[in-house]
Amino acid sequence: MSMKAGRITRIVAPLLAIPGTILYLASYFRGAWLLLAAFAIYLAGRAADLGVPAAAEVVRRSLRRAAMPVAGIVAALLIGAIIMVSTGYDPFTSYGALFYGGLVRGWSVSVLNATPLLFTGLAVAFAFQGGLFNIGAQGQYTIGVVAAAWIGLGMRLPGHIGIPLVFLVAALFGAALNALPALLKVRTGAHEVVTTMMFAYAVTTLSPMFIRAFGGDPSTSMHPYATDQIPASFWLPLFKDFLPKANYRLHVGILLAIGAAFLVRFVLLRTGLGYKVRAVGHNPVAARTQGISVGWITAASLLLSGALAAAAGATQALGLDHRMYQDLGSGYGWNGISVALLARNDPVAIIFTSLLWGLLDSGGQFMARTTRTPNSIIEIVKAILLFLLLAEVIYRKAGSSFGALFAGLAARMKAFGDSGGGGGQRGRGGGSGGEEAGA
Amino acid sequence: MIDFLTALLTPQLLEATVRLSTPVTFAALAAVVCERSGITNIAMEGIMLVGAFFAAWVGWKTGNPWLGLLGGIASGALFALLFGWATISLHINHVVAGAIMNILAFGLTRYLMVVCYGRQGTSDAIPLTLHHYKFAIPVLTDLPYAGQAFFDQTPLVYLSLLSVAAWAWVFKRTRLGLSMIASGEHPMALETLGRSVYRVRYFAVIMSGVLCGLAGAFLSIENSNSFTEGMTNGRGFIALAANIAGGWRPLGVFVASLFFGFVDAAQLRAQSLGFVRLPSEIFLVFPYVATIAAVAGLVRKSRPPAAVGKDFDIESGGE
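Chains as they are written, first to last, in the numbering used here: chain A, 1 to 439; chain B, 1 to 319.
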């Protein structure tokens, strides 16, 4: 009976969560209620399956997972505020504008910012899982844009053929850009940081040449350079088509990106390839003794990483820009590194970190417009946040003091004669929280 | 083609080669110093950028380029110290910490541009640059071919030549150099001898900050007269490649940097000649392609230090 309840909730919860997510992303903020309801139903299912303490454990674990990032964000914002005060800006109005702009007024811009970031973040994370640092994701992003402009401007195709074709070609281009770094890494051990970075600089430098080749006019004073518009049959569908009040620019790329996050998670955790990639990333020597071909797996993770980063470029070109612009420091590749690091290379966590980065960017622009505080302060806050959350020593120490706090609370609850049984376990769970999150 | 080559290979080209290789030489020496001690430093791009900003700002505020130079060195060393703290004491993965430092450097210099000059882009020009102090060394200038290129130069170019010699000597002849090599090859052995790996690595990181600060100062107050956002243009990463191509040795790295300086100079010259009908972007790409080629061709000839990039934690027995 109770097992059946669990099975039903496992179907019902996603059925609520998916439309809730779509609504929320399209600035229908009431979608949050659907998400909360989905979480409540999921908890109820857990409680029915495994009993109330297990469900409570889920809540506690989610809170514990959120505690460190939230503490990190607060600390980074505080340091940012100190910098602002010491250079003559008002942190209260600035941060007010930042969050109003990022979360409410410009939420659709935040989502648009997060879309390519999610792809590049996945690209960097996938390579990281294989022990490689694809620092040149920016170049693969740009080559993805090139692929979209090339196909989109050169062929007349209906959308259901054209869009998949663009993504396919972009993925091939992105992988091809990483082919030489992969070969050099496997054959000679040349560090991929140097080679992928050089390819990124080369492609970014060459991008005006591509734009001219696709018919952009170099003699005009247009700045930045851009190609003609890609025909509308290649454009990604808009949220507005099925949710009339959604922002007119918001395209479904974010849903593709979220889908890609779950796909990458599935590949990494549930397939043979993913297992091998993680084994090589964790310990190449041990992987070799297991009979894994370290060279091929290394090459495969760099190539797939390149393909994912190129998908970011294709999404941006087909969804938002509808043409190829000269890249004047969009930074989707570089920021992809940040969101992957912040998520500790967990594909699903990158959904949240890329949204965070997206909202900091759009909020930062709103802040710069309304309060004259330079939005580069946001770049500093981002770096501090990364620093705080990746310093494992700080993390571990803070984690264990949090753990001690939870253990203390659990002991006190036990003393009150709360449901019992789970108390001791709860304390231990809390104590290991730091390491668990730090691993 | 012959015409093209004769037009290309002029004494001015040799002079430009030496001049343009200077920032790469400094940064590549920084890479040698760090990697020989066991630290993978991809933060050099950012450290250079911070050094370039503060050199230009102090030089502009005081009107004295020598004080600007000091500002560049000090800010580079401080910024590198932060990187050292992250990698050595906080045990953050070196590559990850380096990436964060680069992000921080870009954000910080952009922010400081607005705070100090009230705008983005390029800073105010400093009244007097180090280029003003260009001087020829009497006898050596008269050497055939390379004399003028090497010995009629600006102060930091000379300093880069001296630095190469000094670091070559440190690694060859001194106990300090030996400690650094041990720290990069087998840190536990160094620790057993009673010398602190942390201390050696902190020294190396701060020295790399000084060198990158010099590289940045060269860009902003010797080779030009102002700071421009992102003016390092990947030189920190090219320096990493020069370090690999030069086999982790000061003299080898110097030759590799000269090669990159030559590619840069040839690129500028070929572009200005203009009789080759190619898009200008092709020339701009030269240095990056040359870097890949150099890494591809030369990487197998040498071996990186055994413990480079690996965290050393004395509390857990060196792992």
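Derived by calculation from the structure, the hints in this document are not laboratory data. Note that this is a predicted model, so its numbers are computed, not measured. Accuracy of the hints is not assured; some may be wrong.
Just a sample of chain B residues kept apart from chain A, beta carbon distances all over 10 angstroms, derived [unchecked claim]:
hint, residue
1, 13
2, 127
3, 146
4, 163
5, 195
6, 258
7, 279
Here's a subset of chain A near chain B, in silico, CB distances under 8 angstroms, partners left out [unchecked claim]:
hint, residue
8, 158
9, 159
10, 186
11, 190
Ideal placement from N, C-alpha and C gives every residue a C-beta, glycine not left out.
**Report entry** Hint check, failures only
**Finding:** 7, 8, 9 and 10
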